[in-house]
Every structure is written in C-alpha cells, then in structure tokens.
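Dock chain B against chain A, hints included.
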Amino acid sequence: MAHGPRRSAACGILLDRGTNPCPLHRQADSQPLRHQGSPCFTIFLNIFTVGLRPVVSTEAPPIIFATPTKLSSNSTAYDYAGKNKVPELQKFFQKSDGVPIHLKRGLPDQMLYRTTMALTVGGTIYCLIALYMASQPRNK
Amino acid sequence: MTHQTHSYHMVNPSPWPLTGALSAFLMTSGLIMWFHFNSMILLTLSFLTNTLTMYQWWRDIIRESTFQGHHTPTVQKGLRYGMVLFILSEVLFFTGFFWAFYHSSLAPTPELGGSWPPTGIHPLNPLELPLLNTSVLLASGVSITWAHHSLMEGDRKHVLQALLITIMLGFYFTLLQVSEYYEAPFTISDGIYGSTFFVTTGFHGLHVIIGSTFLIICFMRQMMFHFTSGHHFGFEAAAWYWHFVDVVWLFLYVSIYWWGS
Chain A
1 MAHGPRRSAA CGILLDRGTN PCPLHRQADS QPLRHQGSPC FTIFLNIFTV GLRPVVSTEA
61 PPIIFATPTK LSSNSTAYDY AGKNKVPELQ KFFQKSDGVP IHLKRGLPDQ MLYRTTMALT
121 VGGTIYCLIA LYMASQPRNK
Chain B
1001 MTHQTHSYHM VNPSPWPLTG ALSAFLMTSG LIMWFHFNSM ILLTLSFLTN TLTMYQWWRD
1061 IIRESTFQGH HTPTVQKGLR YGMVLFILSE VLFFTGFFWA FYHSSLAPTP ELGGSWPPTG
1121 IHPLNPLELP LLNTSVLLAS GVSITWAHHS LMEGDRKHVL QALLITIMLG FYFTLLQVSE
1181 YYEAPFTISD GIYGSTFFVT TGFHGLHVII GSTFLIICFM RQMMFHFTSG HHFGFEAAAW
1241 YWHFVDVVWL FLYVSIYWWG S
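Just so you know, the sequences run in chain order A and B. Positions 1 to 140 (this note's numbering) are the ones given, in order, by the first sequence. Positions 1001 to 1261 (this note's numbering) are the ones given, in order, by the second sequence.
Okay, chain A solo, but in the shape it has when bound (with noise of 0.2 Å):
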C-alpha cells in the first residue's frame, strides 16, 4: 500500500499524518490518487489503519517508549509508576523453554491454570448431573 510522508508524529483523528497544520481538518491532497475515488470509504479506511502505516519518509519520528525524553536524565520524576519492567520482561518470555505461553510464569501460572480448569471441568460435570436430575419428572 502506498502511503504519504509522515512529518510528525501528532497526527489528525482521522486521516494520515501529514504537514497539516492543523490535523483535525481534512486535506484532499493528502491522500494518494489511488485512494480518491471513494471519499467516505477512504475515511473509513483511515480510521482504522492509521497505526499500521510503515514509516515511509526520512524524517519520520523515533519510536517513543513512553517515558519523557526530556527527563531522561532525571530519574526520580516517575517513581510513583515504578521503573519500567518491560525489556527485562521481554527476556524472560523470550527463553527458548518449550513452555507454552499460558504457564511460562511457572508456579503462579500452574495454579491458576488448575484451578480455572477443576471448576470449568468440575461445573460442568455437576451441570450434566442437575440437567439430567432436572430433566426427571417429578412423580405427584
């Protein structure tokens, strides 16, 4: 798919990020020939691919992990969010283990997985049990 450059990373609501001044506002221009047949549908398309366009120009912005680059060299300004636990997470889920998804946390998972599996297993076979008792007529 083409699409058109990227200059900053605040973009419209709607439409690709462009040098719109004011990006709340459409612009014709913006869009590629390719797209203009079908305004409504062209909006449509947008409102929900807007995050998937490649970086396509030269000044396209780095990607931000959310922490304020300004206060980058300040470390005490968000301690009530705790540290950012993200990259060390990213390797610990990345050990090529074997373990499925569902239990690679180990015990905690283990447990939980148990007990959400013994009341869905064991509801259902007290279910069968209440529906097949239920299902009985009851002799006057």
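Calculated directly from the structure, the hints in this document are not laboratory data. Quick caveat: nothing in here was measured; it's all calculated off a predicted structure. Be careful, since some hints might not be right.
Stated by the list, open to error - List of simulated lysine to aspartate or glutamate pairs, EDC-like, C-alpha gap at most 16 Å:
#	chain 1	residue 1	chain 2	residue 2
1	A	Lys104	A	Glu88
2	A	Lys91	B	Glu1064
3	A	Lys104	B	Glu1111
4	A	Lys95	B	Glu1064
5	A	Lys104	B	Asp1246
Chain B only, in chain A's frame:
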C-alpha cells in the same frame, strides 16, 4: 533452530477457548437453574470461570505481543479487522432493540391509549439528567482523543491524566444512570414503554461498564510502559469501543429520551 518465513503468529496451544466455552455452557445452564429451581450456584460458578478465562486469555495476549513481539503489522491488521467486525456485531445487537422501540412507538396500539408515551407514563425530562449524561459522554470522547494524541507524541504524563479523566467521566455517567434508575417513576414492567426503555438503556449501561473496564486495563498498561508511541493497538481498540458506546448513547438520547417523550 527453525524460523517461520511468514509474518503471522502461530499461537501456542491454549486451554482458554475450552474453559471459555465451558463457562458459557455453565452460564446458560446456570440461568435455567436460577429461573426454575432458585439455585445460583451454577450461575456464580459460571461468572467466576468466565472471569478467570478472560483474565488469563488477555494476559497471554499481552505476553505474546508486548513481551514476545509476535504482533507484526500483519497480525495487527488482523486484530483491527477483528475489532471492527466485533463492534459491527454490537451495532447490529443494538439495532434490534431500537427496532423494537420504533416498532412500538411509531404506531402505538389502542391498549397504550393510542399515544406515545403511553397513557399514564410520565417520561423523564430529556433536558435534565439525560442531557447531563450526554455532555459527560461527549466530554469523555474528547478526553480519550487527547489521551491518544498524547500517546502518539510520547507525552506519558498527559496520557495518564487524560485516560484518568475519561475513566472518571465513565464512572460519573454510570453513577448518574443508577440514580436515574432509582428515581424513575416507571419500571421495566410498565408495558412496552418500560421494557424498551430499561432493556435498551440497561444494555447500554453494561457496555459503558465494559468500556470503562477496558480503559482501566489500558491505564494500568500505560503505567507499566507497555505502549509505545507507534504501537498501541490495545489502546486504539479501547478508544474505538468507547466512541461506539458514546454514539449508541446519542442514538438512545435522541430516540428514546427526546423523540419518545
């Protein structure tokens, strides 16, 4: 070491579809047991197993995406299609209830007094609490858009602030609706007026609660640095769902509260 040569996600075998299906079975049977035999054990069990399934299934999706990196653009495209189709199915769900409302209100029967609202029904004033509810949801639509733009600009503090405002507005709406339900001079058993009013607004309220829960999850994930400025589909899905909830309310307000009064 084998590598896949395509960009799709081959998921690990998972027990959650099975537990989810069984919990749905327990839920339907539980309703039967509750309605006919006055027993709530199965129903309670079904809510518990359903919640456990949802928690673990979505926890696994977060592990697969944020921690393992399986959500390539191809995968994300599929998720976008999925969310769009789901919201479309919800639109059709609400269409049914609006159809029922218009069916009864456009041609009111003699039993209703030949009028809408039916004789004896005192509808709520659309310019009082319902109008406040409308402004609350519209404001929450603005705040969630602010949150999204902040996210795309990497402005962490404002994402959290705007999301919090959106969530609080959602709670405020729910609280106002609960008080409206208590204060209403008519009930669900007041003929077709009561049925259409409470079933439609009731399902809408349930969707507000679901949407608020989704937003709270997004808030927690943002706190934990899961979202990046370029990849945050979970947030976008929550935002789409929230806008959908807002639009349904606008239809509700115009049709049932305003035209129907």
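To see whether the hints hold, each was checked on the structure:
1. A:Lys104 x A:Glu88: This hinted pair holds, its Cα atoms lying about 14 Å apart.
2. A:Lys91 x B:Glu1064: holds (12 Å)
3. A:Lys104 x B:Glu1111: Violated, because 63 Å separates the two Cα atoms, which is more than 16 Å.
4. A:Lys95 x B:Glu1064: holds (12 Å)
5. A:Lys104 x B:Asp1246: violated (38 Å)
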